[in-house]
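Each protein sequence line maps, in turn, to chains A and B. Under our numbering, the first residue of the first sequence carries the number 8, and numbering increases by one thereafter. Under our numbering, the first residue of the second sequence carries the number 14, and numbering increases by one thereafter.
These are calculated hints, taken from the structure and not from any lab test. Treat the hints with care, as some may be off.
Unchecked claim - Computed beta-carbon distance windows for the label pairs: (1) A:L73 with B:G79: 23 to 29 Å; (2) A:D142 with B:Q169: 48 to 54 Å; (3) A:I25 with B:P64: 42 to 48 Å; (4) A:A81 with B:G79: 45 to 51 Å; (5) A:M168 with B:A76: 49 to 55 Å.
All figures in this text were calculated on a predicted structure; none of them were measured in a lab. We put the beta carbon where it would ideally sit given N, CA and C, even for glycine.
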Amino acid sequence: MASNMKIQSSSPSFQGGISSALRSAKQRAMNAVPDMELSGNTNWINKAGEKISSAEQRLILGASALMSQPFIDAHNRNVDEKTRKVSVARTIAKIIAGTATGFAIRKGCIKAIKAMSQPRGANVPKWKSFFTPKDITKTNTDAFMQYRNAMGTVVALLVMMFTNFLIDAPLTKFLTNALIKKQEDAKGGNNG
Amino acid sequence: MANLFSNFKSSLYKNYGENPGKMLVHTGVLGWILSSLAQVSAVVFNDKISPEQKSFLIPQEIADAGINIASFYLITSSFKNVASKLVSTGKLTTKGIKNALSKEDLKKIGKLDFNIGDLKNVPEGYKPFKNGVDVIASTIGSIISCNIVTPILRNQYASKKQKQALERMHNTQLAAPRGISMAQYQKLSSIKYSSGLKV
Numbered sequence: 008m009a010s011n012m013k014i015q016s017s018s019p020s021f022q023g024g025i026s027s028a029l030r031s032a033k034q035r036a037m038n039a040v041p042d043m044e045l046s047g048n049t050n051w052i053n054k055a056g057e058k059i060s061s062a063e064q065r066l067i068l069g070a071s072a073l074m075s076q077p078f079i080d081a082h083n084r085n086v087d088e089k090t091r092k093v094s095v096a097r098t099i100a101k102i103i104a105g106t107a108t109g110f111a112i113r114k115g116c117i118k119a120i121k122a123m124s125q126p127r128g129a130n131v132p133k134w135k136s137f138f139t140p141k142d143i144t145k146t147n148t149d150a151f152m153q154y155r156n157a158m159g160t161v162v163a164l165l166v167m168m169f170t171n172f173l174i175d176a177p178l179t180k181f182l183t184n185a186l187i188k189k190q191e192d193a194k195g196g197n198n199g
Numbered sequence: 014m015a016n017l018f019s020n021f022k023s024s025l026y027k028n029y030g031e032n033p034g035k036m037l038v039h040t041g042v043l044g045w046i047l048s049s050l051a052q053v054s055a056v057v058f059n060d061k062i063s064p065e066q067k068s069f070l071i072p073q074e075i076a077d078a079g080i081n082i083a084s085f086y087l088i089t090s091s092f093k094n095v096a097s098k099l100v101s102t103g104k105l106t107t108k109g110i111k112n113a114l115s116k117e118d119l120k121k122i123g124k125l126d127f128n129i130g131d132l133k134n135v136p137e138g139y140k141p142f143k144n145g146v147d148v149i150a151s152t153i154g155s156i157i158s159c160n161i162v163t164p165i166l167r168n169q170y171a172s173k174k175q176k177q178a179l180e181r182m183h184n185t186q187l188a189a190p191r192g193i194s195m196a197q198y199q200k201l202s203s204i205k206y207s208s209g210l211k212v
C-alpha cells in the first residue's frame with residue numbers, strides 16, 4: 008500500500024496536478040492585483056536600474072541598517088542590559104566599518120574593471136581589455152555597463168575575503184571600543 | 014585556464030548584462046556566503062578555542078550562516094521575482110509601454126503566459142523600466158531581509174543557543190577558551206550572535 012502511494016505521488020499525473028494547482032493559485036493571486044499604470048515622469052525608475060550598482064545598494068543597506076538594527080538590538084529582552092548596550096555599540100561599529108569598506112571596495116573594483124574592459128583594438132594595450140568578453144565591439148550599451156558592474160562586484164567580493172580580516176575586523180573593534188567608552192563617559196558624567 | 018576565464022566573462026555578460034536585479038540578488042548571496050566562510054574560518058583557525066569547543070561552535074556558525082543566506086535569498090529573490098512578473102505581464106507598466114501594445118496584447122495583460130519582453134516588437138522603454146523595477150525591488154527586499162528579518166531571527170537564535178550553552182555548561186562543565194572567564198565567554202558569544210552584517 009505504502010509503495011503504491013509512493014508510486015502515485017511521484018507519477019507524472021500527480022506532479023502535473025500539483026503544478027496545475029500552483030499555476031492556478033498564482034493566476035488567482037495575479038488577478039487580485041490591480042492594474043497599475045504609472046503616469047508622469049518615470050525616468051527615475053529607469054535611472055535606478057542604470058545607476059544603482061552593488062556599491063550604491065551597499066550604501067543604501069548600510070544607511071537603513073543604522074536606522075533599524077541598533078533599535079532591534081536595544082530591544083532584545085533576552086539579554087541583560089550591559090550585554091544589550093555592548094551589542095548596540097558593536098552593531099553600529101560593524102555597520103559603519105562594513106558599509107565604508109564595502110562601498111569603497113565595490114566602487115573601486117567597478118571603476119578598475121571599467122578601465123580594464125575596453126574594446127580590443129590595435130592601439131589598446133592588452134591589460135586594458137583583460138576583462139572584455141570576446142566578440143564585444145561596443146562598450147556603451149546598457150548590457151555592457153551592467154556586465155562591468157557584475158564583474159566589479161565579483162572581484163570586490165574576492166578582495167573583501169581579505170579586507171574582512173585586515174580592515175573590517177580591526178576597524179569594528181576600534182569603533183566598538185570608542186562607542187563603549189563614549190557610553191561609559193556619558194554615564195560617568197550623568198552620575199557625577 | 015584562459016578559456017575558462019573567457020567562458021566566465023561571457024557567462025557574466027549573458028546572465029547579468031540584461032538583468033541587473035538578478036545580479037544584485039546573486040552577488041548578495043555570494044557576499045553572505047563569503048562573509049560566513051570568514052566567520053567559520055575565524056573559529057576553525059583560532060588556536061585559543063579548544064577542539065571540544067570547536068565541535069560546538071563550528072556547527073553553530075554554520076547554522077547562523079544558513080539563517081543569513083536563506084533569509085536573504087528567499088526574501089530578496091521573492092521581491093525581485095514578483096516585481097519582475099508584474100512588469101513582464103503588464104500589471105505594472107507605464108503609459109508609454111501600454112500605448113505601444115496592440116489590442117490583442119492588451120487583452121492578455123495579467124495572464125501568467127504573457128511576457129512583454131518576448132513580443133516581436135518590444136515597446137521602447139520596456140527594458141530600462143523592467144531593469145529599474147527589478148533593482149528597486151531587490152534593494153527593498155535586501156533592506157527587509159538584512160535589516161529587519163535577519164537581525165530578529167538571529168537574536169532569537171542567539172538567545173536559544175545561549176540557553177543551550179548554559180545547560181550544557183551545567184551538565185558537562187564546558188570550559189571557556191583559554192585566557193578568558195566563562196562569564197566573559199558567554200557575553201562575547203551573545204554579542205557575536207546578536208549583531209551581524211554582510212560584507
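Whether the CB-CB distance between A:I25 and B:P64 falls inside 42 to 48 Å: Since the Cβ atoms of A:I25 and B:P64 sit about 47 Å apart, the hinted range of 42 to 48 Å holds.
Beta-carbon spacing of A:D142 to B:Q169 - inside the hinted bounds 48 to 54 Å or not: For A:D142 and B:Q169 the Cβ distance comes to about 51 Å; the hint holds.
Assessment of proposed distance window 49 to 55 Å (beta carbons of A:M168, B:A76): violated, 21 Å
Consistency of beta-carbon spacing, B:G79 to A:L73, with hint 23 to 29 Å: holds, 26 Å
Distance restraint evaluation - A:A81, B:G79, Cβ atoms, bounds 45 to 51 Å: violated, 26 Å
Going through the hint list in order, the structure does not satisfy hints 4, 5.
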